[in-house]
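Student: One letter stands for each residue in the lines below.
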Amino acid sequence: KQEVTQIPAALSVPEGENLVLNCSFTDSAIYNLQWFRQDPGKGLTSLLLIQSSQREQTSGRLNASLDKSSGRSTLYIAASQPGDSATYLCAVLRSSGSRLTFGEGTQLTVNP
Amino acid sequence: ETGVTQSPTHLIKTRGQQVTLRCSSQSGHNTVSWYQQALGQGPQFIFQYYREEENGRGNFPPRFSGLQFPNYSSELNVNALELDDSALYLCASSPPRTGSYNKQVFGPGTRLTVL
Numbered sequence: 015k016q017e018v019t020q021i022p023a024a025l026s027v028p029e030g031e032n033l034v035l036n037c038s039f040t041d042s043a044i045y046n047l048q049w050f051r052q053d054p055g056k057g058l059t060s061l062l063l064i065q066s067s068q069r070e071q072t073s074g075r076l077n078a079s080l081d082k083s084s085g086r087s088t089l090y091i092a093a094s095q096p097g098d099s100a101t102y103l104c105a106v107l108r109s110s111g112s113r114l115t116f117g118e119g120t121q122l123t124v125n126p
Numbered sequence: 813e814t815g816v817t818q819s820p821t822h823l824i825k826t827r828g829q830q831v832t833l834r835c836s837s838q839s840g841h842n843t844v845s846w847y848q849q850a851l852g853q854g855p856q857f858i859f860q861y862y863r864e865e866e867n868g869r870g871n872f873p874p875r876f877s878g879l880q881f882p883n884y885s886s887e888l889n890v891n892a893l894e895l896d897d898s899a900l901y902l903c904a905s906s907p908p909r910t911g912s913y914n915k916q917v918f919g920p921g922t923r924l925t926v927l
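Respectively, the protein sequence lines represent chains Y and L.
Going by my numbering, the first sequence opens with residue 15, and the numbers climb by one from there.
Going by my numbering, the second sequence opens with residue 813, and the numbers climb by one from there.
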């Protein structure tokens with residue numbers, strides 16, 4: 015059974031700091047991995063999707079890496095801003111068309 | 813391109829009642845998945861519908877049931893509501909399973925409160 019863990023559970027940083035969020039998964043046989051952002055009480059916004067054959071994806075100030083063999087992914091946020099404050103969730107897809115398995119998220123607060 | 817929509821936005825029910833939540837998939841998507849997200853936790857997979865048939869189910873009791881319609885929209889029904897059913901219910905649609913790209917797009921969710 016796939017299990018996804020995110021560390022830390024919560025993180026508070028000053029504006030401008032670079033930060034790393036961690037995600038680990040127990041079964042390396044994944045199809046892809048997604049990072050999502052969730053604002054309080056809202057739905058999920060997809061940030062980055064990494065296919066199992068890829069090592070990283072970048073979008074603006076965000077960079078996600080994937081090391082399938084070790085069961086780890088990191089989300090790097092450069093020059094953090096107060097608007098980045100949200101919960102960040104990672105999720106793995108076991109095979110095409112199957113279910114996503116989510117971690118419990120990292121709650122990020124960026125202080126002005 | 814219309815994204816995934818869900819209705820209603822919020823709902824309050826009492827224990828023992830029944831509820832129906834609705835989801836319209838994104839244009840071009842034929843698969844719908846439902847997730848339950850309790851407060852402070854990650855979403856948990858309930859079930860998925862593909863071509864109007866249930867295609868995979870998580871660890872949820874039979875009182876959670878669903879439908880998919882020919883236009884790929886979907887309903888989630890929950891009977892005999894319990895207090896622990898209070899959660900954000902998320903619907904996600906995904907495109908036909910061609911090629912190597914499979915991305916689920918999420919709706920805004922329905923917040924269900926059971927009193």
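Derived from the structure by calculation, the hints contain no laboratory data.
Some hints could be false.
[What the hints assert, rightly or not] One side of the interface only, derived from the structure: several residues of chain Y facing chain L at Cβ under 10 Å:
1) Gly57
2) Ala100
3) Cys104
4) Ala105
5) Phe116
6) Thr123
All C-beta atoms in this analysis are idealised placements derived from N, C-alpha and C, irrespective of residue type, glycine included.
Student: Which hint numbers does the structure go against, in order from smallest to largest?
Tutor: 2, 6
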